[in-house]
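Enquirer: Residue numbers (the numbering used here), protein chains in the order written: chain L, 1 to 504; chain V, 1 to 504.
Some clues are possibly wrong.
Chain copies aren't distinguished; within one or between two, either way the pair holds.
To be verified - Pairs of lysine-lysine, DSS-like flavour, derived with a Cα cap of 30 Å:
hint: 1; residue 1: K60; residue 2: K314
hint: 2; residue 1: K60; residue 2: K358
hint: 3; residue 1: K384; residue 2: K250
hint: 4; residue 1: K370; residue 2: K352
hint: 5; residue 1: K24; residue 2: K109
Because the hints were derived from the structure by calculation, they are not lab data.
In case you want the letters, here they are:
Protein chains: 2
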Amino acid sequence: MAKKTAISPTRAENYPDWYQEVIKAADLAESSPVRGCMIIKPWGYAIWERIQAILDGMLKATGHVNAYFPLLIPLHFMEKEAEHVKGFAKECAVVTHHRLTVDESGRLKPDGQLEEPYIIRPTSETVIGDAFSRWVQSYRDLPVLVNQWANVMRWELRPRLFLRTSEFLWQEGHTAHATPEEGVEETLKVLDLYTDLAEKNLAMPVIKGPKTPGERFPGAVETYTIEAMMQDGRALQAGTSHFLGQNFAKAMGISFQNQEGQQALAWTTSWGVSTRLIGGLIMTHSDDDGLVLPPRVAPTQIMLLPIFHDPDKKDEVRAHADRLLQELRGLNCDGEPLRVELDDSDRRGGEKVWYHIKRGVPVRVEIGPKEVEADSVFVGRRDKAHRDRATLSRADFVQNASRMLSEIQENLLKKAKTLRKESTVTIDSLDDFRDFFTQTHDDARVTGGGFGLAHWNDAAEGNEVLAELKVTPRCVSLDGDQEPGECIFTGKPSRQRVVFAKSY
Amino acid sequence: MAKKTAISPTRAENYPDWYQEVIKAADLAESSPVRGCMIIKPWGYAIWERIQAILDGMLKATGHVNAYFPLLIPLHFMEKEAEHVKGFAKECAVVTHHRLTVDESGRLKPDGQLEEPYIIRPTSETVIGDAFSRWVQSYRDLPVLVNQWANVMRWELRPRLFLRTSEFLWQEGHTAHATPEEGVEETLKVLDLYTDLAEKNLAMPVIKGPKTPGERFPGAVETYTIEAMMQDGRALQAGTSHFLGQNFAKAMGISFQNQEGQQALAWTTSWGVSTRLIGGLIMTHSDDDGLVLPPRVAPTQIMLLPIFHDPDKKDEVRAHADRLLQELRGLNCDGEPLRVELDDSDRRGGEKVWYHIKRGVPVRVEIGPKEVEADSVFVGRRDKAHRDRATLSRADFVQNASRMLSEIQENLLKKAKTLRKESTVTIDSLDDFRDFFTQTHDDARVTGGGFGLAHWNDAAEGNEVLAELKVTPRCVSLDGDQEPGECIFTGKPSRQRVVFAKSY
Numbered sequence: 001m002a003k004k005t006a007i008s009p010t011r012a013e014n015y016p017d018w019y020q021e022v023i024k025a026a027d028l029a030e031s032s033p034v035r036g037c038m039i040i041k042p043w044g045y046a047i048w049e050r051i052q053a054i055l056d057g058m059l060k061a062t063g064h065v066n067a068y069f070p071l072l073i074p075l076h077f078m079e080k081e082a083e084h085v086k087g088f089a090k091e092c093a094v095v096t097h098h099r100l101t102v103d104e105s106g107r108l109k110p111d112g113q114l115e116e117p118y119i120i121r122p123t124s125e126t127v128i129g130d131a132f133s134r135w136v137q138s139y140r141d142l143p144v145l146v147n148q149w150a151n152v153m154r155w156e157l158r159p160r161l162f163l164r165t166s167e168f169l170w171q172e173g174h175t176a177h178a179t180p181e182e183g184v185e186e187t188l189k190v191l192d193l194y195t196d197l198a199e200k201n202l203a204m205p206v207i208k209g210p211k212t213p214g215e216r217f218p219g220a221v222e223t224y225t226i227e228a229m230m231q232d233g234r235a236l237q238a239g240t241s242h243f244l245g246q247n248f249a250k251a252m253g254i255s256f257q258n259q260e261g262q263q264a265l266a267w268t269t270s271w272g273v274s275t276r277l278i279g280g281l282i283m284t285h286s287d288d289d290g291l292v293l294p295p296r297v298a299p300t301q302i303m304l305l306p307i308f309h310d311p312d313k314k315d316e317v318r319a320h321a322d323r324l325l326q327e328l329r330g331l332n333c334d335g336e337p338l339r340v341e342l343d344d345s346d347r348r349g350g351e352k353v354w355y356h357i358k359r360g361v362p363v364r365v366e367i368g369p370k371e372v373e374a375d376s377v378f379v380g381r382r383d384k385a386h387r388d389r390a391t392l393s394r395a396d397f398v399q400n401a402s403r404m405l406s407e408i409q410e411n412l413l414k415k416a417k418t419l420r421k422e423s424t425v426t427i428d429s430l431d432d433f434r435d436f437f438t439q440t441h442d443d444a445r446v447t448g449g450g451f452g453l454a455h456w457n458d459a460a461e462g463n464e465v466l467a468e469l470k471v472t473p474r475c476v477s478l479d480g481d482q483e484p485g486e487c488i489f490t491g492k493p494s495r496q497r498v499v500f501a502k503s504y
Numbered sequence: 001m002a003k004k005t006a007i008s009p010t011r012a013e014n015y016p017d018w019y020q021e022v023i024k025a026a027d028l029a030e031s032s033p034v035r036g037c038m039i040i041k042p043w044g045y046a047i048w049e050r051i052q053a054i055l056d057g058m059l060k061a062t063g064h065v066n067a068y069f070p071l072l073i074p075l076h077f078m079e080k081e082a083e084h085v086k087g088f089a090k091e092c093a094v095v096t097h098h099r100l101t102v103d104e105s106g107r108l109k110p111d112g113q114l115e116e117p118y119i120i121r122p123t124s125e126t127v128i129g130d131a132f133s134r135w136v137q138s139y140r141d142l143p144v145l146v147n148q149w150a151n152v153m154r155w156e157l158r159p160r161l162f163l164r165t166s167e168f169l170w171q172e173g174h175t176a177h178a179t180p181e182e183g184v185e186e187t188l189k190v191l192d193l194y195t196d197l198a199e200k201n202l203a204m205p206v207i208k209g210p211k212t213p214g215e216r217f218p219g220a221v222e223t224y225t226i227e228a229m230m231q232d233g234r235a236l237q238a239g240t241s242h243f244l245g246q247n248f249a250k251a252m253g254i255s256f257q258n259q260e261g262q263q264a265l266a267w268t269t270s271w272g273v274s275t276r277l278i279g280g281l282i283m284t285h286s287d288d289d290g291l292v293l294p295p296r297v298a299p300t301q302i303m304l305l306p307i308f309h310d311p312d313k314k315d316e317v318r319a320h321a322d323r324l325l326q327e328l329r330g331l332n333c334d335g336e337p338l339r340v341e342l343d344d345s346d347r348r349g350g351e352k353v354w355y356h357i358k359r360g361v362p363v364r365v366e367i368g369p370k371e372v373e374a375d376s377v378f379v380g381r382r383d384k385a386h387r388d389r390a391t392l393s394r395a396d397f398v399q400n401a402s403r404m405l406s407e408i409q410e411n412l413l414k415k416a417k418t419l420r421k422e423s424t425v426t427i428d429s430l431d432d433f434r435d436f437f438t439q440t441h442d443d444a445r446v447t448g449g450g451f452g453l454a455h456w457n458d459a460a461e462g463n464e465v466l467a468e469l470k471v472t473p474r475c476v477s478l479d480g481d482q483e484p485g486e487c488i489f490t491g492k493p494s495r496q497r498v499v500f501a502k503s504y
C-alpha cells in the first residue's frame with residue numbers, strides 16, 4: 001500500500017531514520033562540524049524557549065533563584081568526589097592552553113600551557129558546591145535553592161540529535177539543606193515539577209521513581225527519574241533529581257553552624273532536564289507526516305494560511321486573514337495570549353499547508369476566496385489526519401479556538417498513555433522476560449518491546465541476561481501498589497517490581 | 001566630615017574599590033577559583049534576566065530568531081580569516097583532550113588527545129558563518145537574521161567583575177544579506193536597538209557612532225559602538241554592531257545565486273552586548289549608599305518592609321503589608337505588571353531598610369504600627385537621599401506608584417546626562433588635550449577626565465601621545481553636527497571630531 005506520506009521512511013519502515021527525517025523536515029536541528037555537537041535551529045530553539053519559560057516559572061514559584069557559575073572546572077575539584085570523577089572521566093573535554101600561536105609552517109597551535117588543566121563542566125556539583133562552601137556559614141543561610149540554565153559537555157562517540165550530543169543545553173538545580181529530610185523533600189518536590197512539565201505541558205506520560213543502585217548518578221545517595229515511553233516501546237530518561245546526602249558537602253566543604261551551635265555538614269540535592277526533552281517530544285507524538293507539537297509548547301499554536309490562485313484575490317484574502325489574526329491575538333489559552341502567526345510567504349497552497357504540518361503546528365487555518373465570501377475558515381488539527389479538515393464559521397472558530405487547543409493537548413496525552421498501556425506488561429518469569437524483549441511485534445513501530453515490570457531482588461544477579469537483551473532497569477515506580485513477589489532471576493523474595501526496558 | 005555611608009571607600013576616596021564594594025554589598029557577583037571567571041549571584045543574574053527579556057523582545061519584534069551553535073570552534077575555522085585570528089589568538093582557551101585518566105601517582109591527567117584542537121568560542125562568526133554557508137543557497141534564503149544567547153571565553157589576565165572576565169554571557173547576532181546596503185541598514189538598526197536598551201531601559205546615555213579604523217572588530221569593515229560615560233569620566237564600550245562586508249562570507253563560503261542567476265557572496269553583520277552592561281549600570285547610577293537600579297531593569301521595583309518592635313504588632317502589620325502587596329501586584333508600569341516583593345525576613349528595622357538600599361531597589365515602603373493606624377505608608381526612593389522619605393496615604397501611593405517609578409527612571413537618565421555634559425569638552429589643541437587628560441578635578445570622582453572631542457585626521461599620527469596619556473579614540477558621534485577643522489596632532493584638515501577618553 002503506497003500511502004503518500006511526508007516522512008520517508010515511515011515509523012514502521014525504519015524508526016531511527018524516521019526520527020532523523022522528522023527533525024530535518026521540521027528544521028529543528030542539524031549536525032555540526034564539531035564532533036558530536038548539534039546546531040539547534042530557530043524552530044527547535046523556540047520549542048526549547050517554551051520549555052524554559054514553563055519550567056523557569058515553576059521553579060521560581062517554588063522559591064528557586066537563578067544564578068550563573070563558571071563553565072570550567074579545575075581538575076582538582078573533580079578529584080574530590082571519587083564516584084563522581086569515575087562517572088565522568090571518560091567523557092570530559094579538557095582545556096590545557098590559553099592562547100594560540102602560529103608555528104613554523106604557518107599553522108595555528110596551542111600555546112600558553114596552563115599549570116592546572118580545566119575541564120568543561122559535564123555537570124556543576126563541584127564548582128557550585130565550592131561556592132556553597134563560602135555562602136553557607138550558619139543554619140540561617142539554609143536552604144540555598146539555586147538553578148542555572150547552561151550548556152554542558154560530555155564527549156559522545158555515538159551522537160544522536162537531541163538525545164545524545166557532546167554539548168547540550170539544560171538547567172541544573174543545586175540546593176543545600178540543614179537536614180536530610182528537607183533534602184529528600186526537595187528532591188521529590190522537583191521530581192513532581194518535572195512530572196508536571198512532562199505530562200501537563202509536553203503531553204508525555206512518565207513513570208516517576210527511584211533508580212536502582214547501579215543506575216544512580218555518580219556520587220548520589222538516591223537518584224529519582226522520570227521515564228517516558230517512546231512510540232517504539234523504548235524508554236527515555238527524561239529528567240533526574242538526585243539526593244546527594246552529604247557526599248558533596250564533605251567533598252567541597254559545605255558546613256554550617258546548626259541551631260545547637262555545632263558544626264554540621266549540609267545535605268545537598270541536584271536535578272536537571274535538558275534539550276533531550278525535545279527528542280522525547282518528537283518520539284512521543286510525531287507521526288508519518290512529521291512533527292506533532294502539543295499546544296502548550298508549540299511556539300506557534302495557530303497558523304493562518306492565506307491561499308489563493310488568482311493574484312487579484314490576494315488583497316481581500318490577506319485582509320480577512322489579518323482581521324482574524326488580530327481577533328485571535330486578543331485571546332488567551334491557559335492564562336497566556338494565544339500564539340498565532342500568519343504565513344504570508346510565496347509558498348503555493350499545498351506546499352504551504354505541508355510546510356506547517358511537518359513543523360507540527362497544532363492548528364492550521366486555511367483562508368481562500370471561498371472562506372472570505374462565506375466568512376468562514378477551513379481548519380486542520382495536527383492531532384487528526386491531514387485530510388480531516390472542517391469548515392467552521394469565523395465566529396465559531398474564534399470562540400472555540402482556545403478550547404480546541406486544550407482538546408488537542410488532552411488528546412495527545414491520552415494517545416500517548418494508551419500506547420504506553422498497550423506496551424506495558426507485568427512479567428513473572430525469566431522465560432517470559434526473554435520472550436517479551438525478543439518478540440516480533442505486529443506493529444513494526446514497537447521494536448523496543450515496551451516496559452516489562454518484573455520483580456528483582458538483587459542488583460548483582462541477572463546482569464548478564466540484561467546485557468544480552470540490551471535491557472536496563474529504569475526505575476521503581478512510586479505510583480501504584482507494590483506487592484511483594486519473587487525475583488525472576490533468583491527466586492528470592494522481592495519487595496517490589498522494577499520497570500525494565502530497552503532505552504535511549 | 002564623617003558622613004555615614006553604606007559603602008566604604010566612597011567614590012571620591014577610591015573609585016575602583018568603591019565599585020568592588022558596591023557589587024559585594026548588593027551581592028551581585030563574586031570571583032571564582034577559576035582564573036578570571038566570575039559567579040553571577042542571584043540578584044545580579046536577575047538583572048541580567050531583565051536585560052535579556054527587554055532586548056530579546058526588541059530583537060524578535062524586528063524579525064530576528066534565536067538559535068544555538070556549538071561552544072567549540074575547530075582550529076582550522078579560525079585560520080580562515082586572517083584579521084580575526086590575529087585579534088583573538090592571544091586569549092583563546094584551547095581544548096586538546098577528550099577524557100581524563102589517573103596517572104601512576106593517582107592524579108588525574110588529560111588523555112585522548114584530539115586530532116585537531118578546538119577553541120572555546122571567543123565569538124562565533126566562523127562557526128555560524130559555516131552554518132550559513134549550508135543554509136544560504138539562493139537570494140530567497142536571504143536575509144538570515146539569527147541571534148544566540150550564550151557564554152563566550154576570552155582569557156583575561158587582569159579581570160574585573162562584569163567589566164572584563166574570562167567567561168562572560170552575551171547575545172551575539174549574526175545576519176547575512178544579499179546587498180551591502182541591507183547589511184549596513186541592519187548594522188545601524190541594531191545600533192539603534194542597543195541605544196534604546198541603554199538609554200530607555202538602563203537609563204545610561206550613550207554616544208553612538210563608528211569606531212576609528214584601529215579600534216574595529218577583527219575582520220570587520222566598519223564597527224559601530226555605543227559609548228557610555230561612567231561617573232569617573234571614563235568611557236565604557238557598552239555594545240558594538242559590525243558590518244563585516246564580505247570578509248566572513250569569503251572565509252566561510254557563504255555564497256548564493258542572486259536574482260540574475262549568478263553566484264554572489266553574501267554580506268554579513270554581527271553584533272553583541274554582554275554582562276558588561278551590568279558593570280556599566282553600576283558605575284552610571286550607584287552612589288555612596290550602594291547600588292541604584294533604574295525601575296525598568298530592577299528585578300524588584302517596590303519592596304514592602306514590615307517593621308515593628310513589638311511582636312504583638314506583627315500580625316496587623318503583616319496583614320496591612322499583604323493587602324498592599326496584592327493591590328500593587330494588580331497594577332502595570334510600561335505595560336508590564338509591577339514587580340513588588342515583601343521582605344518578611346527576621347532582619348530588624350534599620351538593617352532591613354539598608355539591605356534594600358544597598359541592593360538598589362527603586363522604591364522602599366516601610367510599614368509599621370503607625371502606618372497601619374493611619375492607613376499610610378512611609379516611602380523612600382532610591383533616586384533621593386536615604387533620609388529623604390515621605391508619608392503618603394496608602395490610597396495615594398497605590399494610585400501613584402507606577403508614575404513614581406517612571407519618574408525615577410527619568411531622573412536617573414537626566415542625572416547621568418548632566419554628569420556627561422559637565423564632563424565633555426571640545427578640544428582644539430594638543431596642549432589643551434594634554435591638560436584635559438592630566439588635570440586634577442575638583443570632584444575627585446572624575447579621575448578619568450571625561451570625553452574630549454577633538455579633530456583627528458590620520459590614525460597613524462598621535463598614537464604615542466594617546467598611549468602616554470592612556471587615552472583612546474572611542475568613536476565618531478553620529479549625532480550632532482560635524483564641522484570640519486584641523487587635526488590636533490598634525491594640523492591637517494579633518495572632517496570630524498573624534499570622541500577621546502580613558503576607558504574601561
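Enquirer: If a hint holds in the structure, say so; if it does not, say that too.
Expert: Results for each hint:
In this assembly of identical chains, K60 and K314 lie within 30 Å of each other by CA distance solely across copies; the values are 27 Å between and 47 Å within a copy. For the homomeric pair K60 and K358, the shortest alpha-carbon distance between copies (23 Å) is at most 30 Å, but the shortest distance inside one copy (34 Å) is not. Within a single copy, K384 and K250 get their C-alpha atoms no closer than 55 Å, and across copies no closer than 47 Å, so neither meets the 30 Å cut-off. For the identical chains of this complex, K370 and K352 are intra-copy neighbours only, at 18 Å inside a copy versus 67 Å across copies, given an alpha-carbon limit of 30 Å.
In this assembly of identical chains, K24 and K109 lie within 30 Å of each other by CA distance neither inside one copy nor across copies; the values are 36 Å within and 39 Å between.
When the structure is compared with the earlier hints, violations turn up for hints 3, 5 and for no others.
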